[in-house]
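Undergrad: In case you want the letters, here they are:
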Amino acid sequence: MNSQQSKKANQLTSHFFRNEYGKLVAVITRYLGNAHVETAEDIVQETLLKATEHWEMKGIPENPKAWLYTTAKNLTLNVLKRKKYQREYESQTDQKSEMNEIGFFSDELIEDSQLKMMFACCHPSVSENSQIALILKILSGFSVSEIANAFFSNEETINKRLVRGRLQLRKVKIDLSLKFDIDKRLEAVLKTIYLLFNEGYFPASKNQVIRFDLCLEAIRLARLLEESTVIANKTACSALLALMYFNASRFASRVSDTGEIIDLKEQDRSKWDSLLIQRGMQHLNNITLTKTITKYSILAAISANHCISESYKKTNWDEILSLYDQLMLLEDSPITQLNRSVALAEVKGVQAAISTLETLGKESDINNYFLYHFTLAEFHKTNKTFKKAYSAYNRALNLAKNPRDKELLKKKLNTLVLISPSQLS
Amino acid sequence: MREFLLLIRSEEEPKANLSPDQMQQHIEKVGGYLKKLTEEGRMKSAQPLEMEGTMLSYKNGQIVDGPYNETKEIISGYYHLMAKDLDEAIAIAKQDPRFEEGIWRMEVRPIKYVEGIN
Numbered sequence: 008m009n010s011q012q013s014k015k016a017n018q019l020t021s022h023f024f025r026n027e028y029g030k031l032v033a034v035i036t037r038y039l040g041n042a043h044v045e046t047a048e049d050i051v052q053e054t055l056l057k058a059t060e061h062w063e064m065k066g067i068p069e070n071p072k073a074w075l076y077t078t079a080k081n082l083t084l085n086v087l088k089r090k091k092y093q094r095e096y097e098s099q100t101d102q103k104s105e106m107n108e109i110g111f112f113s114d115e116l117i118e119d120s121q122l123k124m125m126f127a128c129c130h131p132s133v134s135e136n137s138q139i140a141l142i143l144k145i146l147s148g149f150s151v152s153e154i155a156n157a158f159f160s161n162e163e164t165i166n167k168r169l170v171r172g173r174l175q176l177r178k179v180k181i182d183l184s185l186k187f188d189i190d191k192r193l194e195a196v197l198k199t200i201y202l203l204f205n206e207g208y209f210p211a212s213k214n215q216v217i218r219f220d221l222c223l224e225a226i227r228l229a230r231l232l233e234e235s236t237v238i239a240n241k242t243a244c245s246a247l248l249a250l251m252y253f254n255a256s257r258f259a260s261r262v263s264d265t266g267e268i269i270d271l272k273e274q275d276r277s278k279w280d281s282l283l284i285q286r287g288m289q290h291l292n293n294i295t296l297t298k299t300i301t302k303y304s305i306l307a308a309i310s311a312n313h314c315i316s317e318s319y320k321k322t323n324w325d326e327i328l329s330l331y332d333q334l335m336l337l338e339d340s341p342i343t344q345l346n347r348s349v350a351l352a353e354v355k356g357v358q359a360a361i362s363t364l365e366t367l368g369k370e371s372d373i374n375n376y377f378l379y380h381f382t383l384a385e386f387h388k389t390n391k392t393f394k395k396a397y398s399a400y401n402r403a404l405n406l407a408k409n410p411r412d413k414e415l416l417k418k419k420l421n422t423l424v425l426i427s428p429s430q431l432s
Numbered sequence: 060m061r062e063f064l065l066l067i068r069s070e071e072e073p074k075a076n077l078s079p080d081q082m083q084q085h086i087e088k089v090g091g092y093l094k095k096l097t098e099e100g101r102m103k104s105a106q107p108l109e110m111e112g113t114m115l116s117y118k119n120g121q122i123v124d125g126p127y128n129e130t131k132e133i134i135s136g137y138y139h140l141m142a143k144d145l146d147e148a149i150a151i152a153k154q155d156p157r158f159e160e161g162i163w164r165m166e167v168r169p170i171k172y173v174e175g176i177n
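For the protein sequence lines, the chains are R and E, in the order given.
Quick note, this note's numbering runs 7 ahead of the 1-based positions in the first sequence.
Quick note, this note's numbering runs 59 ahead of the 1-based positions in the second sequence.
It cannot be assumed that every hint is accurate.
What the hints assert, rightly or not - In silico DSS-like links for lysine-lysine, alpha-carbon gap of 25 Å or less:
1) R:320 with R:391
2) E:131 with R:57
3) R:198 with R:167
4) E:118 with E:131
5) R:408 with E:153
6) R:241 with R:198
7) E:153 with E:88
8) R:180 with R:241
9) E:94 with R:57
10) R:57 with E:103
11) E:94 with R:72
12) R:65 with E:103
13) R:391 with R:417
14) R:57 with E:88
15) E:95 with R:65
16) R:369 with R:408
17) E:103 with E:143
18) R:65 with E:153
19) E:95 with R:57
20) E:131 with E:153
21) E:171 with E:143
22) E:88 with R:72
23) R:391 with R:369
24) R:272 with R:418
25) R:65 with E:118
26) R:391 with R:413
Hints are computed from structural coordinates only; laboratory data are not their basis.
Computed from a predicted model, the values in this text were never measured in an experiment.
Whole structure, please, built from the sequences with the hints as guidance.
TA: Dropping the structure here:
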């Protein structure tokens, strides 16, 4: 029995199936064409199912990847044959030779196909809310119910987005050999990855695990871009990676044991993940050597300032405010202004921040956004203008759509009432 | 020690709707459970069955192929297990983590044994 026990068992790396799913769907779609991405998804699901049936009983094979690739290849060839019977004229000689020469699932082909798929999913002809759903389903191997869970949505809604997205995907053609295509689309891809990260980053009482998975997926996709050989200028990729590493380092400290959101001010900084901060720093150092300045570089620098500060009070707010001023030159949006106001409050005082926000509210439609009123309410609370704080929290509560946000706002209102009943009346 | 045959029953293919992550968890959980039993010498054999095959029967003087069982439930795999008695076999079967997924049934049957013969 001892000899059996000492025999080393094969193990799967974490999220092995999920990651392989994305690779396989991307490559098989290359063979079948964008119009048949759903068939590719079915083939891969069947491949993983076969693996599950065998491996649970007989153990994990020595080379699980090769096992999957062989099975997927055979299933794909069967489908291709069936198609060939129906439409003989569709003999794509180019692809056939590609299959034979460099292997059905070569590393090179996997990398190239994943990039192509990423760029295709983020194409402007695919509607924005379908983009993330498609990426998660096709490239990240999430199931419909997992996506629905992560987005506080239901399976029906997510399914609709996927169906629409797959239809739109049919028309998309991406040629990675054209530098023009890549440079033009990279910004959209990075934007979608950042959106995906932020979806995962906002804490919720439920589904903590799957939401952190979204953040890790965003990081994985950005790393694919960073490691790729076809993208010439990777400054923005590295900057986005740095930003995500810095923000992800605070993940564990952002939610209490009971599932409540903890402000940056009150976070236990010893819980911050120093390894992720280090990785962020490495990427940030890489881009300081380049001349390109991107939105993500500045956001990463802001996040880095928080990461290296030993307390909220001791944070270098002057530096952060000047970084926001730089960001305003690149992107003068109400959201940037809103975020800047937090640094402004620390540097110039809360009164200055309040009047800036009040002007902003008059000039833009940001007063339809609950976070605007939330931030304003926090400032009024600090300023001890409790009556104004109370009504701002209430406006935020009316505008918030997400149950998670509503809950937080109700708590804020309650504590406000508890602290200062006399000042409110 | 007595021999038992454990028949894993399910409706259609219950794993087909699991997400890739859930499939991997399934392999890790069920695989770990089977590996431990095999190392203890309790599990003689564990095999999955294909979702195909046929049902032969004898009718009107000849062997008829099909139709397959009317019920949707089919046997998707089996274990050949060693246990002290039926109670112990049941106890072992209950530890199978696949039950956590709530989509399985398992039939636990002692293999017939005649004193002095097998």
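Undergrad: Does each hint fit the structure? Answer for all of them.
TA: Here's how the hints hold up against the structure:
1. R:320 with R:391: This hinted pair holds, its Cα atoms lying about 19 Å apart.
2. E:131 with R:57: 20 Å, holds
3. R:198 with R:167: 22 Å, holds
4. E:118 with E:131: 23 Å, holds
5. R:408 with E:153: With a Cα-Cα distance of about 44 Å, the restraint between residue 408 of chain R and residue 153 of chain E is violated, given a limit of 25 Å.
6. R:241 with R:198: The hint holds at about 14 Å.
7. E:153 with E:88: Holds: residue 153 of chain E and residue 88 of chain E sit about 14 Å apart, inside 25 Å.
8. R:180 with R:241: Roughly 23 Å separates the two Cα atoms, so the pair holds.
9. E:94 with R:57: Within the cut-off at roughly 19 Å; holds.
10. R:57 with E:103: 22 Å, holds
11. E:94 with R:72: 21 Å, holds
12. R:65 with E:103: This hinted pair holds, its Cα atoms lying about 12 Å apart.
13. R:391 with R:417: 19 Å, holds
14. R:57 with E:88: Holds: residue 57 of chain R and residue 88 of chain E sit about 17 Å apart, inside 25 Å.
15. E:95 with R:65: 12 Å, holds
16. R:369 with R:408: Holds. Residue 369 of chain R to residue 408 of chain R sits at ~22 Å (cutoff 25 Å).
17. E:103 with E:143: 14 Å, holds
18. R:65 with E:153: 20 Å, holds
19. E:95 with R:57: 23 Å, holds
20. E:131 with E:153: 23 Å, holds
21. E:171 with E:143: Holds. Residue 171 of chain E to residue 143 of chain E sits at ~14 Å (cutoff 25 Å).
22. E:88 with R:72: 20 Å, holds
23. R:391 with R:369: Between residue 391 of chain R and residue 369 of chain R the Cα gap is close to 23 Å, so the pair holds against 25 Å.
24. R:272 with R:418: 17 Å, holds
25. R:65 with E:118: 38 Å, violated
26. R:391 with R:413: Judged against 25 Å, a Cα distance of about 23 Å means the pair holds.
Against the hints set out earlier in the document, violations occur for numbers 5 and 25.
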